[in-house]
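Q: Based on the hints, put chain E in the right spot on chain P.
Chain order of the listed sequences is P and E. Numbering follows the numbering used here, in which position 41 of the first sequence is assigned residue number 41; successive positions increment by one, without gaps. Numbering follows the numbering used here, in which position 191 of the second sequence is assigned residue number 191; successive positions increment by one, without gaps.
Some hints could be false.
[Claimed, not checked] SDA-like, lysine to any residue: derived pairs with alpha carbons at most 25 Å apart:
no., chain 1, residue 1, chain 2, residue 2
1, E, Lys287, E, Pro261
2, E, Lys20, E, Ala68
3, E, Lys71, P, Glu307
4, P, Lys114, E, Pro213
5, E, Lys20, P, Glu304
6, P, Lys71, P, Pro34
7, P, Lys287, E, Pro124
[As the list claims (entries may be wrong)] Take a look, some chain E residues computed to stay more than 12 Å from chain P by CB distance:
no., residue
8, Ile13
9, Arg28
10, Asp76
11, Glu167
12, Gly173
13, Ala227
14, Arg243
15, Asp250
16, Arg314
17, Leu320
18, Thr349
Simulated from the structure, these hints should not be mistaken for laboratory data. Since the structure is predicted, the reported quantities are computational estimates derived from the model, not experimental observations. Ideal Cβ placement from N, Cα and C applies to all residues, glycine included.
There are 2 protein chains.
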Amino acid sequence: MTLATLAAADAAIATITPGKGLVTIDWRGGGSDPFHHVWLRDNCPCPECLHPNGQRLVDVLDLPEDAAPRKVTLDDRGALLIRWDADGHESRYPADWLRRQAYGLAARAARQRKPVLWDATLKPLPEADWPTVCRDASAERRWLGALLDHGFALLHGVPARPGMVAEVGDHIGIVRTTNYGRLFDVISKPDPNNLAYTALGLGVHTDNPYRDPTPGYQLLHCLIAEAPGGDTLLVDGFAAAERMRVEDADGFELLARVPRPFRFADRGSDLRARFPVIGLDADGAVKEIHFNNRSAAPLDLAPELVEPYYAAYRRFARILARPDLTLTLRLAPGDLIVMENGRALHGRTGFDPNAGARHLQGCYVDKDGVESRARVLERGG
Amino acid sequence: MTLATLAAADAAIATITPGKGLVTIDWRGGGSDPFHHVWLRDNCPCPECLHPNGQRLVDVLDLPEDAAPRKVTLDDRGALLIRWDADGHESRYPADWLRRQAYGLAARAARQRKPVLWDATLKPLPEADWPTVCRDASAERRWLGALLDHGFALLHGVPARPGMVAEVGDHIGIVRTTNYGRLFDVISKPDPNNLAYTALGLGVHTDNPYRDPTPGYQLLHCLIAEAPGGDTLLVDGFAAAERMRVEDADGFELLARVPRPFRFADRGSDLRARFPVIGLDADGAVKEIHFNNRSAAPLDLAPELVEPYYAAYRRFARILARPDLTLTLRLAPGDLIVMENGRALHGRTGFDPNAGARHLQGCYVDKDGVESRARVLERGG
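Isolated chain P, as found in the complex (with noise of 0.2 Å):
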């Protein structure tokens, strides 16, 4: 059972139980959840503790220390209300809004929006027609939760033309400016700064792990792809993780606790950044890989450690070479990528830049203005 389809009566309190420092809730619908007398104080929703945006108007040091109840019941359409000791006010609380907030286990767990993870056998490809999604704000809720479940998703029919990535970077979220601009251009050059404006085949890697804040989303775009070769790989660098996880646990520990360096440097940058290979949330779940040979800068860490860690970070490249995780596609003229830069790892297979023409145009979006943007869709909805 999500949120989603939690029906109205099973978010109704069934009855309310007090109990010391807290209200234990039972549900309708069935199970029960605790709500702490000092959380419930602190998130009255009534508009002297709470502005209509939402923030917050009572500073924590203006609550009263001990927040009692002097009365706890439900009112005539089911709500919480309680009177408090201290100076007497009275806050009510929807069940339904209640039953959303709740922290017990259970409601928690349930809230959690779990990566789907995929290997070289994913199907059918999170994808899309962009002018659909342009006209069709149900498609690109679809679109977009496919891309927040998978980390990557392609976009079709997006026009050949040079500048349009950081247009539909903008229409899914904001474009982030780097050292490289706002968009850049892949494409083999003279005297590379570099190398991926080489013709060289790359391995899988995330972007930019030398920049702190390494950029949240890349966008890809295909303008022109006449020379043989160069195709796009794709690894879920999740999966490859739990994979570690399971088959080196020792290994899969030291790339989660000992951050490395990254180093990225040209005539008019220096950008240096430290993220431990697999980076990890507080409950141990796989948050964000920063895996990129060419700009990892020499190991800087306890001598100790230099053999293992050496041996699990080459442990993990060998899994993230692996072909049955590895998806492969060609992108057309009109085809882009949008990967999450922490989870989609990419690479490409070389190519013959005198084969033929190459281009595509690449830019950086942020994650909060994407998954922002998921979210309004889904209000709508």
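A: For chain E alone, kept in the frame of chain P given last:
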């Protein structure tokens, strides 16, 4: 001794001692550092292994698994010379390069940039004149160094015209456009979508904790300051966190370990993110604070942590409100303050919008660009 003050002779190699899996280098200036074979092979600086732009050309999977030297010597210029057993490849490491990359305990400690903690008594302020900074690269380097050390710095003499704040932002880094635009006006206005746009006093806070990535730096430029009040309050969040660590170790641990949700929503946006209030790096040093009571969303954590969390949160809020930690500044037209958003918490005293006009403009820039610029200027110095 810092590396910057290290004389060339000190970085010279006195002796090399082969060991199991590593070479130990004794420096002529004293001290010694281990360099593992696997590390040396991975960091071979020859043009086959390293592109002139500093990017690695050899994939970690193409390195010999067992990096063993056939011969280790010093060449006639004092560089470490290794011929590798597996493939006869030759690597030459200049002594000063090795010294800069050394990962022995003392070498790693000496490289750490330590923040300069401050409180209400800070004097002199980190500040400079904008025209001087524009004209004189070494003045800019010193000012940027002060910004990195203190987490904030002032500029005076910035022409008090709208839009100038983004020009300064693009000078010291790269402006990040958000849902608030490329820059934003802080001015009391009717029907505000954010409490920043009212005349209320604001307790010290970090900006946009509901945004991932959270902006690295905020710039605020004073255009008009006629209204009495509206003084700027600044607290060093790193200093406050260190007080918390000493005064309430368990509370510190909770605030550092357990992320809390933040949210901002209006018609076009629904921004949500989770961060621990006190963010630590892998060594346990304080790295960034996320503290903004107005944008704090209802706590969502294991029920048994709710009461201890509130106690810790309240305690930290009380530390952040201490007058002895609070620096008070009055910005005049032409003053611009740059703040490391995750460190220098800022607030303001209330003001009377009817007693005179008040107009600030602000923008955000990310850390990568600012730190890169500081390094590029240090190269020149």
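Q: With reference to the structure, classify each hint as holding or not holding.
A: Okay, the hints, checked on the actual structure:
Note on Lys287 (chain E) and Pro261 (chain E): the hinted pairing holds, with a Cα-Cα distance of about 18 Å set against a maximum of 25 Å. For the proposed pair Lys20 (chain E) and Ala68 (chain E), the alpha carbon gap of about 10 Å is at most 25 Å, so the pair holds. At most 25 Å may separate the alpha-carbon atoms for a hinted pair to count; Lys71 (chain E) and Glu307 (chain P) meet this at roughly 20 Å. Of the pairs offered as hints, the one joining Lys114 (chain P) and Pro213 (chain E) holds, with about 20 Å between alpha carbons and a cut-off of 25 Å not exceeded.
Restraint check for Lys20 (chain E) and Glu304 (chain P): the C-alpha separation of about 12 Å stays at or below 25 Å, so the hint holds. Between Lys71 (chain P) and Pro34 (chain P) the alpha-carbon distance is near 17 Å, which keeps this suggested pair within the 25 Å criterion. Under the criterion of a C-alpha separation no larger than 25 Å, the hint pairing Lys287 (chain P) with Pro124 (chain E) is inconsistent with the structure, at around 42 Å. For Ile13 (chain E), the requirement that its beta carbon stay farther than 12 Å from each beta carbon of chain P is met, with the minimum near 17 Å.
For Arg28 (chain E), the shortest C-beta to C-beta distance to chain P comes to about 21 Å, beyond the 12 Å cut-off, and the non-interface label holds. With a minimum CB-CB distance of about 25 Å to chain P, Asp76 (chain E) clears the 12 Å threshold, and the non-interface call stands. Every CB of chain P is more than 12 Å from the CB of Glu167 (chain E) (nearest about 14 Å), matching its label as outside the interface. In this structure Gly173 (chain E) is not separated from chain P by more than 12 Å, as the shortest Cβ-Cβ distance comes to only about 10 Å.
Consistency note on Ala227 (chain E): stated as away from chain P, and its beta-carbon is indeed over 12 Å from all of that chain's, at 21 Å minimum. In this structure Arg243 (chain E) is separated from chain P by more than 12 Å, as the shortest Cβ-Cβ distance comes to about 16 Å. No beta-carbon of chain P comes within 12 Å of the beta-carbon of Asp250 (chain E); the shortest separation is about 17 Å. Distance check for Arg314 (chain E) against chain P: the nearest CB is about 6 Å away, which does not clear 12 Å, and the non-interface claim fails.
At roughly 9 Å from the closest C-beta of chain P, the C-beta of Leu320 (chain E) falls inside 12 Å, breaking its exclusion from the interface. With a least CB separation of 14 Å from chain P, Thr349 (chain E) remains clear of the 12 Å interface cut-off, as annotated.
Of the numbered hints stated above, those contradicted by the structure are hints 7, 12, 16, 17, listed in ascending order.
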